[in-house]
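Chemist: Position chains B and C relative to chain A; hints supplied.
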Amino acid sequence: MARKVAIVGVGMQKFARRKEETLNEMIFEVARNALNEAGLTRDDIGAVVCGNAVDAFCGIHNSSKCITEGSGGLMKPMMMNSTSGSTAISLPILGYTHVASGLYDVVMVIAYEKMSENLGAQAVFNTCYDEVYVRPLGLNVPLQCGLEARRYLYKYGITEVQMAKVSVKNRGNALSNPYAQLPMKITVGDVLNSPYISWPVKLLDTSPVTDGARAVIFASEDVAREITDDPVWVRGVGRGANSCYFMGRRLDDLGRLDYAYLAANQAYDMAGIKNPKVEIDYAELYDPFTYKEMQHCEAMGLCEEGGAGRMIDEGISLKEGKLPVNASGGLQGEGNPIAAGMSRLCWCYKMIKKEAGACQVPKEVNTAICNGWGGMYQYNAVMIIGRD
Amino acid sequence: MSKDIKPIMVPAEIQVPYNYSVGIAGSRFLTELRDNGKFMATKCKKCGYVMMPPRSFCEDCFIDDVEWVEASSKGVIQTFAVSYMSSDGKRIKDPWMLAIVKLDKSDGGLVVRLDEVKPDDVKIGMKVEAVLKPKNQRVGSVLDIQYFRPIKD
Amino acid sequence: MGKRVAIIGIGLTNLEGREDLSHKELLFQATRRALTDAGISRNDIGSAFTTSYDLLEGRSLSNQFSLDAIGGVMKPCDLRLGEDGIYGVCAAYMEVMAKPSDIVVVGSVQKASERREKENAFQNIVLASLEPVYNRPVCNTVPISGLEYALAAMEARWYLHRYGISEEQTAKVAAKNHKNATKNPRAKNAKKYSVKDVLNSEVLSWPIKRLEAAEMTDAACALVIASEEVAKRITDKPVWITGVGWCSGTSYIESRDLSSSPYIRAAAQHAYNMAGIKHPAKEIDVAEIYDTYAYKELQYYEALGFCGEGGAGRLIDEGITELGGALPVNPSGGLLGEGNAVGTSGLIRAAYAAYQVRGEAGDFQVPGVDVAVAQGWGGIPTYCGGVVVLSRW
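Chains as they are written, first to last, in our numbering: chain A, 313 to 700; chain B, 97 to 249; chain C, 1131 to 1523.
So here's chain A without its partners, still in its complex pose:
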């Protein structure tokens, strides 16, 4: 039988376009912060789970072996997981299974990314594609998103104005976030006037390139109850994945994230949640592009399929709305160090604990959901946390 697992501390740091620290120095900051918050020492850590999305960005093959010291994992069990963008949540899920399995009582999870070390990011991204059928075509990330976003807007009648509203919301929310890289007070007009990356995605629909790390400490029920009398439990985890042959999948429409629906359903089943719109109080969803937040709202069941446009139009996902999404600013406002998008989980935790500072939403938050997305329209990892 799986044990109950709680989050007992998170480690934050400012995201930036370029951090001068080495990986070890950057990671030490968040690991130290998380331990301080949880009132634990390095000796208390049973195991460490770490991950980044692309080694080619930080320019060190097998970089996770270079961060033993900074992560607190010296002479401890350390395991590295990397599943492109969805690492943000698939990584803490691995941390969760370390504890739920009964093997370890306290696990430190470190997500990190140093994109600035690499001077040719686009060339690196090109190496993410299938070498026979896609790479020679010169696909890059802007085009990859243009292909998907166009299909999404076509399928459900979503508009560029609705996408722009998500950008305005998130960048504005980030103004309250002390760790944010690019908080901005902008208007829908500003977004619509920004240059196209690839229709319908514009510059201000796109999250920035970022360096940064995050830490989360998971603990077994016994340990959690010693640390706090208000534990935040992992209530559900879900993972979904689809074929790498995105151009030829069964029953597939790029506008609908089948694998994300799969992941969300798994998490909801585990959490015993039947009506997400009512039972989920808050969400931090992976928004490297504004339309992704919208697709994820639908896949997570926070609105009906195709209803994300209505959701933003009616102000439901605003900070003061009925079901706030990304009050931290999300990747748009806080920054997108791919794997360290684990920040979404950190903010869910902070919202529940009422420790989100100026980002705190007015409504009561007991249950929150977060997700990560990655691969060639392939992966989604979902985590639901909350009080009993």
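No lab work stands behind these hints: they were computed from the structure.
Computed cross-link-like contacts, DSBU-like style, restricted to lysine-lysine with a CA-CA straight-line distance of at most 35 Å:
| # | chain 1 | residue 1 | chain 2 | residue 2 |
| --- | --- | --- | --- | --- |
| 1 | C | Lys1133 | A | Lys586 |
| 2 | B | Lys189 | A | Lys467 |
| 3 | B | Lys141 | C | Lys1367 |
| 4 | A | Lys467 | B | Lys248 |
| 5 | B | Lys142 | C | Lys1362 |
| 6 | C | Lys1229 | A | Lys316 |
| 7 | A | Lys467 | B | Lys201 |
| 8 | A | Lys316 | C | Lys1367 |
| 9 | C | Lys1318 | B | Lys141 |
Modeler: Relative to chain A, chains B and C alone:
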């Protein structure tokens, strides 16, 4: 950290050369494309799914009992993207386009270039056909397909 | 916990260059065999994951491309360990115990044939894994083709010096494994070499000779791992995973204790504690360990508790780890004998150890195996690895 010390950076490059194996399915696909200008797909004998790009195993039934069938060189645009950027990130005047085209007589498709059409005239659902390089210029690569263009009625 | 985890399916391809197959096709073969061996279909799979390294594959986000071949399409699979395959067994163990899935497929593939070794692909990858400020600039000034061996030789030289291990003793390990591999039908490149052949082979960087360094090869391996309830229902030959352990030592090459592998000692400790093993040399019947270089096998004898500190030379001299000895090590031939499918090799070690427990190792079966140990290493120049204990009951 002392404020007098300026951050130092160490330059380096990672050069790793590869020769990827295209595999059984890919080798047949590219050979037929090069030699005969055909788009070959594989059909799973159990579920009947016609795979494009062709795979030597069906990832759903999880068997390698497949047969080769010919797919069409014509198809329908599922989605497309327009770019005004050159390879070194500069803005250019004449855009280039990529599309995901579902090929007729198959259940899948390919990522392809689009040409002989203006970006504003391209629509999801548009019928398109392949334009291959002349046979003596084809080398057994997916780039033997020059581009797809709208089918003129 | 009252619940156990077992390997119920094993799939392993031959170890040989396969330029004709794509990496997905090779991985499919292994997974297909594992599913058939377990008697389950893709529908039964709870989740599937892989172990892989982007640069070894030549694909960034390489996790994307193995999904189809491990049966993971539209399943809750979003896990890819950037670790040696042995960690896959450890993660699958936790996955089953934590209840996300009852049946887990772990698959891993290596295609050394896709790396242009004539242009030093792997050596460049080793260079790229070095710490970029202090180590890499120095190693960048040396001819790249010798880098890997020089790095290993620094440790080997110290180890031999510290404990008085002789070149002949490391050569005996190599000869043992090359010979063992000739009995292994999967080891397509196996060839018998005498101790003298090994000693006379080209010195790559002293003390490492060419026949003491594993050649790289293509291979794929998949294991089906399930909960006790499923295992008892499906198979009458479950291989119980009774202990797992893994550990990372310091990342600073300069700070390492080169005379031992403390990370394996710690990993083994954890695994043995779980399995209730107090005297490894007596209680373990066979071991499949990571012999990328012959001296490493000796170091791992000590770290795994098969002998005391510095006692590895005696073990090989007395033939204890030969196929007919009291504690055979690498009866399959190990990496030296069959080739190193870098990154997948740890999973392959677990597969062979599992075959031993089942009594299905054919010509290199060790009689009466109740407990087997499999060990993996993160590979040069890392200082981390894992240990898995497998039992018949």
